[in-house]
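In order, the protein sequence lines correspond to chains A and B.
Numbers in this note's numbering are just positions in the first sequence, counted from 1, shifted up by 100.
Numbers in this note's numbering are just positions in the second sequence, counted from 1, shifted up by 100.
Honestly, I wouldn't trust all of these hints.
Remember, identical chains collapse to one label, so a pair may be satisfied in a single copy or spanning two.
Stated by the list, open to error - The calculated lysine-lysine pairs, modelled on PhoX-like cross-linking and capped at a C-alpha distance of 25 angstroms, are:
1. 113 / 167
2. 170 / 466
3. 121 / 294
4. 402 / 452
5. 215 / 113
6. 158 / 215
These are computed hints drawn from the structure, not numbers from a lab.
Model, not experiment: these values are computed from the prediction.
Protein chains: 2
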Amino acid sequence: MLLYNEFLAMKKKITLKQIAKELDVSVSTVSKALSGSKEISEDTTQKIQAFAKLYNYKPNNIALSLKNRKTKTIGILIPEIVHHFFSTVIRGIERVANRRGYNVIVGLSNESFAKEIINMEMLANGSIDGFILSISKETLLKQDYHHFHATISQGMPIVMFDRVVSEVECDKVIVDDFNGAVKAVKKLIENNCKNIALITTMDYVSVGKLRTQGYLEALETNGFVPDSNLILKIDDSLNVENHLEILETEIAQFFQTNPQIDGVFAVNELYAVTAMKVAKKLGMHVPDDIQVIGFTDGVLSKHATPSLTTVSQHGQKMGEQAANLLIDRLDAEDAESEQYFTNNDKKSDFIKVVIETEIIERESTK
Amino acid sequence: MLLYNEFLAMKKKITLKQIAKELDVSVSTVSKALSGSKEISEDTTQKIQAFAKLYNYKPNNIALSLKNRKTKTIGILIPEIVHHFFSTVIRGIERVANRRGYNVIVGLSNESFAKEIINMEMLANGSIDGFILSISKETLLKQDYHHFHATISQGMPIVMFDRVVSEVECDKVIVDDFNGAVKAVKKLIENNCKNIALITTMDYVSVGKLRTQGYLEALETNGFVPDSNLILKIDDSLNVENHLEILETEIAQFFQTNPQIDGVFAVNELYAVTAMKVAKKLGMHVPDDIQVIGFTDGVLSKHATPSLTTVSQHGQKMGEQAANLLIDRLDAEDAESEQYFTNNDKKSDFIKVVIETEIIERESTK
DNA sequence: ATATTTAACGAAAACGTTTTCGTGTTGATA
DNA sequence: TATCAACACGAAAACGTTTTCGTTAAATAT
Numbered sequence: 101m102l103l104y105n106e107f108l109a110m111k112k113k114i115t116l117k118q119i120a121k122e123l124d125v126s127v128s129t130v131s132k133a134l135s136g137s138k139e140i141s142e143d144t145t146q147k148i149q150a151f152a153k154l155y156n157y158k159p160n161n162i163a164l165s166l167k168n169r170k171t172k173t174i175g176i177l178i179p180e181i182v183h184h185f186f187s188t189v190i191r192g193i194e195r196v197a198n199r200r201g202y203n204v205i206v207g208l209s210n211e212s213f214a215k216e217i218i219n220m221e222m223l224a225n226g227s228i229d230g231f232i233l234s235i236s237k238e239t240l241l242k243q244d245y246h247h248f249h250a251t252i253s254q255g256m257p258i259v260m261f262d263r264v265v266s267e268v269e270c271d272k273v274i275v276d277d278f279n280g281a282v283k284a285v286k287k288l289i290e291n292n293c294k295n296i297a298l299i300t301t302m303d304y305v306s307v308g309k310l311r312t313q314g315y316l317e318a319l320e321t322n323g324f325v326p327d328s329n330l331i332l333k334i335d336d337s338l339n340v341e342n343h344l345e346i347l348e349t350e351i352a353q354f355f356q357t358n359p360q361i362d363g364v365f366a367v368n369e370l371y372a373v374t375a376m377k378v379a380k381k382l383g384m385h386v387p388d389d390i391q392v393i394g395f396t397d398g399v400l401s402k403h404a405t406p407s408l409t410t411v412s413q414h415g416q417k418m419g420e421q422a423a424n425l426l427i428d429r430l431d432a433e434d435a436e437s438e439q440y441f442t443n444n445d446k447k448s449d450f451i452k453v454v455i456e457t458e459i460i461e462r463e464s465t466k
Numbered sequence: 101m102l103l104y105n106e107f108l109a110m111k112k113k114i115t116l117k118q119i120a121k122e123l124d125v126s127v128s129t130v131s132k133a134l135s136g137s138k139e140i141s142e143d144t145t146q147k148i149q150a151f152a153k154l155y156n157y158k159p160n161n162i163a164l165s166l167k168n169r170k171t172k173t174i175g176i177l178i179p180e181i182v183h184h185f186f187s188t189v190i191r192g193i194e195r196v197a198n199r200r201g202y203n204v205i206v207g208l209s210n211e212s213f214a215k216e217i218i219n220m221e222m223l224a225n226g227s228i229d230g231f232i233l234s235i236s237k238e239t240l241l242k243q244d245y246h247h248f249h250a251t252i253s254q255g256m257p258i259v260m261f262d263r264v265v266s267e268v269e270c271d272k273v274i275v276d277d278f279n280g281a282v283k284a285v286k287k288l289i290e291n292n293c294k295n296i297a298l299i300t301t302m303d304y305v306s307v308g309k310l311r312t313q314g315y316l317e318a319l320e321t322n323g324f325v326p327d328s329n330l331i332l333k334i335d336d337s338l339n340v341e342n343h344l345e346i347l348e349t350e351i352a353q354f355f356q357t358n359p360q361i362d363g364v365f366a367v368n369e370l371y372a373v374t375a376m377k378v379a380k381k382l383g384m385h386v387p388d389d390i391q392v393i394g395f396t397d398g399v400l401s402k403h404a405t406p407s408l409t410t411v412s413q414h415g416q417k418m419g420e421q422a423a424n425l426l427i428d429r430l431d432a433e434d435a436e437s438e439q440y441f442t443n444n445d446k447k448s449d450f451i452k453v454v455i456e457t458e459i460i461e462r463e464s465t466k
């Protein structure tokens, strides 16, 4: 009896076919009436639309996707979601995607090559119209990009952001890592730092490399001689979260063997705030004894004490740009397929959007 | 010419029909051969499978979804993604979803009632098999839950987490907010705090209310008399991000008019670290003069100086539990629909999973 | 030699749409 | 009255699968 009542209460989604049968017309008539085709008489149109509204008819997305051969959803594939930067990118993507009539489906590679491939294969089988992704660390290490080439040559567009790679041809959105680093180091120099240290990651992550290059460049153009002793490379191949103590001791050791350091540029937020914490523990005062600038404008920077001067990465803007690039391309494909012949042979040049960085001054610099 | 070359390079996804035509068999034969049906002879099976592998055939998800009337994807609807807690929940959901063969598609309500409804309607039209969601603030304020009822009565299961509401019947995953608060306040009492303040939000967010009740309960059972002067309610209807200064001055005023405060329990992380920051600015030492405990174990707590003692919320575990609840129900529906008759009249009782909290002691308490 | 099983495959329906192309009924026109 | 638009609607195909139900030919049984 319970089941029966449930059944009665259950207003399962109604279909065109059911409406047609109920109103004793054909499916095509219903479809046309609902789309306001003037092929159908006023009377029947009224009747059908009223009935549809009453039963809250909404066309089935899956059926539409199959018919139109496009899903109106875009796939996001990122290494990690519990990360302020990536969250802001997603927010940016979702914002413009929604505005332009798209949904987003997200996959997490968890920095793993294998999971990246699996995710791409799952989504590439019709579930989405295009990808927005940032490459996993393991993939960058292996330098194996066949899965990207494969999906692209299937006709599925990809937009890469932040962690990109020149080997695969597609639209890209990056932040100006190099110049961001230059600006940061220059600011430290202007603030009278004489011995500026760099805390960075291993070289295989492209952004880390670029920021390191920016650091070197800024030193040299300002008459400094880069000192390899002042560069600390952290091996973050293991999960950083659990290795906070290791990070702290490494930095402490670094500071102690190089007491002359009076400025620090760190390639990410965590390294920067940890450096501040360690400095304080060692009895140094920020920013009087040592000034610190980080990269990525996250929650830590804002709420640390002292709050951290950072190079802003504009995650949300990156997401918005990436989404616009992708959707532009998708819409262009649509328009193109409607024409028998178009003379756009410019089709295959890809766009690289560079987002300018900006220094947000807070309390960790003078 | 360029277009022609592109066309040659373009390995568009191949379909059953194309394989069939190429091998001069019927579509059904191809389908059966690929699924290893022993209806088909060894010879043709071999031939077809080889060909399919060569052309990297993968069945089209959309077509499968339409046929099976299930999409194997679950919809996540959360108020905000740039938020450590929600990110961890998503990570948890994605983990078990992926393991159990599901994809996740996320929508953001941005704390807005209207966007919540729009998102639900978009996804409920066939795109997903079920929802995992946390209610937006505006919805909680309006107390209008018709959209939840509507989708449930359409036969689409919902699992709510964290911000739930008794008015809608569905599976729920919550953290034990009440007891978490009790534990936190008890800890402060044990640590010899005599005047314990509460920094909380307005009452309409259920979790805030529960944590407030826990605070009061803990005081009373330990012989304290709650003092309304020691309760600071922050109006977070506006976006907190931009109102950091307002928050700081409010807390500063609060501390100054109540100098007897020697313990603070804050219902979220931001309030807690801001309280610490303000306390330090007012010349108080944490934890010697004033001890602080927050709710939600995020990045701020871990990396603040001093690091913050918190009530852990176990976001990832919540996500995992929620996903399991939902998928269990979906799989049960499947199994059920295969049988002509089943005697499970227990079908409609919903499960509420309560995740126990746990205090993570750090430097902000003694 | 006839009947019946088995093996190997194809046709068609179904999922829910949209759209193209009929087709029959009007009403007007020659 | 015969012809022709205009009107209002239905049939069918298509998107890519899976599955049920034939159907044919060969193999076995009677």
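Now the hints, each set against the structure:
no.: 1; hint: 113 / 167; in the structure: both (19 angstroms within a copy, 16 angstroms between copies)
no.: 2; hint: 170 / 466; in the structure: neither (54 angstroms within a copy, 59 angstroms between copies)
no.: 3; hint: 121 / 294; in the structure: neither (83 angstroms within a copy, 74 angstroms between copies)
no.: 4; hint: 402 / 452; in the structure: neither (30 angstroms within a copy, 37 angstroms between copies)
no.: 5; hint: 215 / 113; in the structure: between (35 angstroms within a copy, 21 angstroms between copies)
no.: 6; hint: 158 / 215; in the structure: between (35 angstroms within a copy, 18 angstroms between copies)
Hint check: violations occur at hints 2, 3 and 4; the rest are consistent with the structure.
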